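Engineer: Line by line, the protein sequences are chains A and B. Note that the first sequence covers residues 54 to 376 in this note's numbering. Note that the second sequence covers residues 819 to 1373 in this note's numbering.
Please keep in mind that the hints were generated in silico from the structure rather than gathered at the bench. Since the model is a prediction, treat every value here as computed from it, not as a measurement. Among the hints, a few may not be true.
Here are the computed lysine-lysine pairs in the DSSO-like style, where the Cα-Cα straight-line distance is at most 30 Å [to be verified]: (1) A/K269 - B/K1275; (2) B/K1275 - B/K1224; (3) B/K1182 - B/K1275; (4) B/K1182 - B/K1224; (5) B/K1259 - A/K269; (6) B/K1259 - B/K1224.
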Amino acid sequence: MTTQATVAPGRALSRLPGPAWFQEYGVYAAVAALLVFNAAFTEHFLTVDNLRTQLVQVAPVVIVALGMALVIGTEGVDLSVGSTMALAAALLPLYLGYGLVPALLVAVLAGAVVGAVNGTLVSVVGLQPIVATLALFVGGRGLALVVADGQLKQIANPDLLALGTGSFLGIPLVVLIAGALALAVAFLVHRTTFGRQVVAIGGNRPAAALAGLPVKRVLTGVYVLCGVFAALAGVLATARLTASDPSSLGNLMELSAITAVVVGGTPLSGGSVRVLGTVAGALLMQLLRATLVKHDLPDSTAQMAQAAIILAAVYVARERRSR
Amino acid sequence: MAPPEAAAPATAGPEPATAPAVLEARGVSKRFPGVVALDDVSFTLRAGETHALVGENGAGKSTLIKVLTGVHRPDSGELLLAGRQMHFARPFEAQQAGISTIYQEVNLVPLMSVARNIFLGREPTSRLGLIDFARMHREAAGLLAGFGVRVDPRRPLHTLGVGTQQMVALARAVSVEARVVVMDEPTSSLEPREVETLFRVIGDLRRQNIAVLYVSHRMDELYRICDRVTVLRDGRHIHTGDLADIDRMQLVSMMLGREVTEVRRHGVTAFGDEGHDVARTPVLTATGLTRRHQLDAVGLELHAGEVLGLGGLLGSGRSETAKALAGALALDAGEITVAGRPMRRTTSARAIRAGISLLPEDRKAEGIVPGLSVRENIVLAAMPRLSRAGIVSRRRQDRIVDIFMKRLRIKASSPEQQVGELSGGNQQKVLLARWLCLEPKVLLLDEPTRGIDVGAKAEVQALIDELAQEGLAVLLISSDIEELVEGSDRIVVLRGGAVAGELTGDQVGESTLLQVLADHAPPAAADAADAVPGPGTEAAPHIPAGAPAGKEDPR
């Protein structure tokens, strides 16, 4: 596992990779190591069914984490993503009568509104992101429960169910959607004015403001995107569950998403967004958990292993910055 | 304004010249990565005196204070308090030993009550060991009344104005058994009435034989309340002596490191010798720029093809003026017109669109984005112009970046190198390129050559010259007197946030500039031209007008 690998450079063997290498590629190396380990020691791991399951399970986390990566790139954080998922799930059954597309639009719009509120509180009012998004972390789920009347509702709409279970060329639709979104975000970050402005604002906000960048607009836009992504994840998770469950859907999702982003090498201090790293970070956490569970270790052990990985990722990032 | 230096300290108290040393620093040095902040500085504070500590940016004042108050530990040298050697590990230990500090930014606990702030860490207790709130509130109210402050001591501190908070800090500082009170620019956020109160308190401290170390760059204040002065420059001790023995002109020249008699128009810098062809109509006009505590009705005109120098000592409002012009500082009042068109509710984006670019003073905090490449730092402000439908065009970026990297001779391994890895001079050139690729009409340069190496400095100076020749209007702020005098066609001098004078034509010289900076009488020649207005015209009876001050630099 990675913990062993990070200890090794301490032996002063010069050809071993240093902290900078680990921040850059550590997450990919760890994913590869886990895959190799499982291929060798875990029964029925390298089967199509198992890989499908792993990818389908990780897809909503990836989608939320993509939005989170943008927010963290601006030196912010969005705690309300789990509640936004619940809100989207609660709204879905109310509008499914009009068909899948209108219901989906309503859910995504709700995510955008949550993001707009978060973004306004952060950029215009000037609240700290953690406080601003805490409000909707608490309030969003409450609102979702009010909308859903506090009840779990079965989903019978075949179009929505198809979204959760269908596949194209043997790849589950959920996975395809997550992959497409990852590509879109990578393009956004690297090739668009908006994306570069996000990174510049995260890297040095006073400098960006002096350079005339629309700081408030970009910040608000980032939170809106994060809300929209969370809402989408909520819709997909609901489709897979075949039920709208606003009381538990997306619980602790904010932590999973932040973990994926941080483990993926995006610094919490902003100024850089690692899209591929974020995807790998989410995969790493998923694989780690699956590995331990398959070897009959309880979930609590998995949680402690995850904590160790997070600490290692943050430690490596700290090493780098002190140079 | 204030009385001239003739009206030196008149307050009663022990004669400071004979008083024993209460706090002494011997050969104190302090290094930070890349800088020597204090280099073998020695200095003595006598009981009951009010001692001014002056110096420009980077002189080492703050570091010295932090060493004296236990925030920093000196790398070498020793501290003596009343003759005993001291090693402060923490600020608390310095406080216990009797050194109180009032920092520039109020360092109290905003959410606690006024009374708790005053007595923090030494609250009066009842017999049960609990805080005796009634007594604490009574005593706090009594203390504050002595400062002319009437507030409920139970109110949370953050509900008070900044000036009142400063008074609470002062009350705390003097209510501990202090032998030394260090005041770091205590008046920067005070109203005139509060300043008077502060001075009265300092008089009381003097009578109680408490020494005050007073850091300020307001000349009037220094000459009003201080007995002696210590000048630091570039981390070194320059001078200590009675304030009555040196006039403002000498003090300023010691702070800036310029000889009073030195008058040199051309030489060391890379600026061209001849002036520029200056357009008649101004491209930028600013009138009545006002912001509480910072700017007081500043007005200036900038013409195409000229370099207008903006002179002034630390805290005179130079950077604030530049920021206000660039839309980066909200104003209480004032008008800015660019090319005949008034700007309403200026923001950075609007100022940039109107053709105003600001090279900020603090390169690291407000300039570079360290994690991005040279290319991205250069195109940061111009990105929307170099993109199509929100999608970045690398080809267009590369073309611009290539032009400016060549023109400004930016040394980087490639345009993709991270800007944080470059030298200070190259970082500054990257920032200049960022602004120049916007093709501005007005370029505001705040300390463009500070902290960069000699070669880069000469290149930047030559570039400024060249840009003005090409018809750009340049505003140059520099603490380097030589650079300011040689680089500028005209100099507007600020003092205390207001325009103190303007030097044009032949008046642009070091001695005239120093005189205006020091609030001195203008030379006879300038008198006739009536170009140096301001309140200081009748000051300084013992310095003959028209002649450079003849005293030796008392080093």
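Engineer: Each of the hints needs a verdict: does it hold here or not?
Structural biologist: Results for each hint:
no.: 1; hint: A/K269 - B/K1275; verdict: violated (36 Å)
no.: 2; hint: B/K1275 - B/K1224; verdict: holds (17 Å)
no.: 3; hint: B/K1182 - B/K1275; verdict: holds (17 Å)
no.: 4; hint: B/K1182 - B/K1224; verdict: holds (23 Å)
no.: 5; hint: B/K1259 - A/K269; verdict: holds (26 Å)
no.: 6; hint: B/K1259 - B/K1224; verdict: holds (22 Å)
Taken one by one, the earlier hints fail for this structure only at number 1.
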